[in-house]
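Enquirer: Mind docking chain B on chain A? Use the hints.
Protein chains: 2
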Amino acid sequence: MSDKPAVNKPNRPDARLPKGFRDVSGAEIRAQSRMLATLAKVFETYGYEPLETSAIEFTDALGKFLPDADRPNAGVFSFQDEDEAWMSLRYDMTAPLARFYAENAQKLPKPYRRYAMGPVWRNEKPGPGRFRQFMQCDADTVGTDNIAADAEACMLMADAIEALGIPRGQYVVKISNRKVLDGVMEVVGLSGAESEDRKLIVMRAIDKLDRLGFEGVRLLLGNGRRDESGDFTKGAGLSNEQMAQILVLFEVPSFADEALAVQRVPNKAHGAELADVRVYENRRVDGIIGGISSRVLKSARGLDGLSELRQIWSQVKAAGYDDGRIRIDPSVVRGLDYYTGPVFEAELTFEVKNDDGQTVRFGSVGGGGRYDDLVARFTGERVPATGFSIGVSRLLAALTALDKQAIKATGPVVVLVMDKDRVDSYQKLTQTLRQAGIPAEMYLGTSGMKPQMKYADRRGAPCVIIQGSNEREKGEIQIKDLIEGAKASAGIADNKAWKEARPAQVTVPEADMVAEVRKILARHG
Amino acid sequence: MSDKPAVNKPNRPDARLPKGFRDVSGAEIRAQSRMLATLAKVFETYGYEPLETSAIEFTDALGKFLPDADRPNAGVFSFQDEDEAWMSLRYDMTAPLARFYAENAQKLPKPYRRYAMGPVWRNEKPGPGRFRQFMQCDADTVGTDNIAADAEACMLMADAIEALGIPRGQYVVKISNRKVLDGVMEVVGLSGAESEDRKLIVMRAIDKLDRLGFEGVRLLLGNGRRDESGDFTKGAGLSNEQMAQILVLFEVPSFADEALAVQRVPNKAHGAELADVRVYENRRVDGIIGGISSRVLKSARGLDGLSELRQIWSQVKAAGYDDGRIRIDPSVVRGLDYYTGPVFEAELTFEVKNDDGQTVRFGSVGGGGRYDDLVARFTGERVPATGFSIGVSRLLAALTALDKQAIKATGPVVVLVMDKDRVDSYQKLTQTLRQAGIPAEMYLGTSGMKPQMKYADRRGAPCVIIQGSNEREKGEIQIKDLIEGAKASAGIADNKAWKEARPAQVTVPEADMVAEVRKILARHG
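In order, the protein sequence lines correspond to chains A and B.
Its first residue numbered 1, the first sequence is counted upward by one per residue in our numbering.
Its first residue numbered 1, the second sequence is counted upward by one per residue in our numbering.
This is chain A alone, in the form it adopts within the complex:
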């Protein structure tokens, strides 16, 4: 309840949403629907089937499957039904997939590939840009160890980003393998249960490479780091030699920027430079693989990871995605204790201004990796899986940053009601526009001319249709182009001159209305 005294509000509830929830309307929904429809189409081209599970599950069936152990308090919204069983709203798409697969394994093709798009709910403290309900979009392949599924996930992410209109060279899908990092840590003496905590600190530190840079990560691998606000984060306490062994893995990305420069050849010239990019990328991967290889020789797990990286790269190359679209980058970690093999991340490389006005790379818009034992909780049977999430709101923000039009849209043509006794004929004009496929509406309020024009403005109407008694007698209508009109009126100072010029206004026979409106729509794209 509100803290305000309920003066003049006898028993009236406040019209507001709980914190962390929001309404989405108009152009933003349209942009999101378009985006999701495009993604769905690409997923289906890759053979993924749509799946829409129930939003509500038994709490025990959801279990805990959150990829991000940084937030152990990550809560779910739960309630009991009449039978006292506890139910919860899904907090991600993976836990319901596990339940669905365990329940229907007999009926499903193997491997089973599905995509899911829909809201998820988190009972957490909301913050700026952090909501308690948000859209999630996942694609997973369940029931196979085949590393080809991981290679494909990366190609799919690249294709999906391009299908949305982000040009080649402005994004990159980066791949690494958790087993490689495990192997290096094993070799420097971080293995066994007693090292679990330090391994977590190391992974968390590497995950921050982008943000903190090399020096910041070095501090976190050593004794710890004090940030600008004075807060101290405890380090992993590695020796200088251990540190060096691990860090050398990530010196490779200095390479990356150089390669990226090559890759940023404008699209038109892309064909000409493509061979160079490919040569460069493959030489770079050889360097990375050679570097890792010398470091993990003594770790079976590390060698296994290296072999998987090689296989993925080989498939990426065969399919032609080695032109900078997909790259091997050992600094990719993706969360903490969830993934078990290949991990991948899709990043947008173009620059935008952040909230502080600084120019920064747009950054991650999704990613994922391989996780084992999706359903062991239910069945005791090991079922490996791999998949990824698309950050729906991040990606929508990126599309908006690239092209503001994506979220701006033109409203319907508004037919004004000049004479309330003639509603029938305005209705007919409106229906004529609609039947021609032109979004249109007759003004449905009860106010006069001026508020009607204001309404049309507010709706973003490209034009209004006017038929007074004069026009009606002659079988004509008047069309006012509101967009052109606004421009013209900015250039005409004098009211009298305006009346004489009557810019952006035409009078035509009723029969020509559709054709004239189409001209105006075409003019404003």
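Hints listed in this document are in silico derivations from the structure and should not be mistaken for laboratory results.
A hint or two may mislead.
When chains are identical, the list treats them as one kind, so a pair holds in a single copy or across two.
Here are the simulated lysine-lysine pairs, DSSO-like style, with alpha carbons at most 30 Å apart [claimed, not checked]:
id : residue 1 : residue 2
1  : K199      : K298
2  : K428      : K41
3  : K487      : K454
4  : K110      : K487
5  : K125      : K199
6  : K234      : K125
Expert: Just chain B now, kept in the frame of chain A:
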């Protein structure tokens, strides 16, 4: 928790959903998405804006707005957050619209028109075909008394149904007005607070006219009715004269069937017969309006309703929807104490077999009407509104009944993995198909030829791509048309004959793969 003993299942949760919830997958989602996208397009042609409110609201803000007072126990799923405030999952789209409008009235154009599509939740006892989560699809106009908004809602419903592929003549949008029924009841002496209960019984009875017929309704208006199972429903206890006065209103529908017969002229001949249908419909409406008119002379409310009916019909006629698409039908009641003026209902008139094998009219797929005081609860201000709901699952069932294909779909082309060392080249074949826009996948499991063919069958693959070492050496691939193959194999008894004929199988150069696959896809539509 399950009642079964937990033998061999140490701490393992059951993989199942709570009763009344379900998963939707594959073809059904695709069909639903297509349907909703079509509806959205029609709504936008009419100038409605999309709105997606939060699924979770403060319980006090949702209030009680359920249209169906038949189910007073209709419950909502509720829970408390950390601040102990009660929140609930929305149970319809109208209560959140009220909250949204009250919260944002200053910013919204007036009138405000929005459509909403999404899941709603009811904490009720589930039954066959009755789920606790289901899709709702609403369109409403808020903030105007203008009866043109109601006329438009009816035309919109007609256009939406046709846009989905249901032909003219197979549906009808019926309109009535609650004020007319109120007026008739007033005239026969049912008015004032003391008659509320009996008025409810009368409305409930009329709402069942379709199911119980004239005689059944007569019993419910009188002393009561005993159904086949022996259950007795108490009647309104009207006198014979009161009954006759009310029932005469609904004798008109006998007309309706005759008109429907005229209207059922096949679409092709529709132009030729259109004038007749229009003449008939308008004569019918004159009859109905005349009949009502003589009965409600002494009721201001009844006369008001009659005038609204007339205005709506006049607009329907002006826009050309008086050809049987929209009809006036006094038997439409739509729920109980929610609506205050025009009420409308969209009905599919074609016949289907019900679960008992009987042939029945498909029936209602949506409807709505005018309701006042949408937001008075919040603001104290009267804000009239009108709108309707589409029964998403009912309509989807109708589309499926009309054309089974709507819910059947072809799977992706499957590229078989004949030689595990050659995954790279299979990956490349797969990507070539995808880049041509053909849904395709490489088999991602680890099994041999036979399970791979079984997988392709299970996925509904139109064909598979095969490349063994023979083909590879020659730069060729083999394509097996699975649909044609299944037909052919049904006709070939002899295994040897089969091997010689090799029906539905071609070997072509790799470069021709896309063209050949396109031929097969074209063959199967």
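Enquirer: Are the hints correct? Go through all of them and say.
Expert: Verification of the hints:
1. Proximity of K199 to K298 under the C-alpha cut-off of 30 Å is restricted to the intra-copy arrangement: shortest distance 18 Å within a copy versus 86 Å between copies.
2. In the homo-oligomer, the alpha carbons of K428 and K41 lie at most 30 Å apart only across protomers (20 Å), although the nearest pairing inside one protomer, at 38 Å, exceeds that limit.
3. In this assembly of identical chains, K487 and K454 lie within 30 Å of each other by CA distance solely inside one copy; the values are 16 Å within and 64 Å between copies.
4. Taking the closest pair of Cα atoms, K110 and K487 come within 30 Å of each other only across two copies (25 Å); inside a single copy the shortest separation is 60 Å, beyond that limit.
5. Taking CA atoms no more than 30 Å apart as the test, K125 paired with K199 passes inside one copy only; the shortest distance there is 28 Å, against 50 Å between copies.
6. Taking identical chains as interchangeable, the C-alpha atoms of K234 and K125 lie at most 30 Å apart only when both belong to the same chain, with a minimum of 25 Å there against 53 Å between chains.
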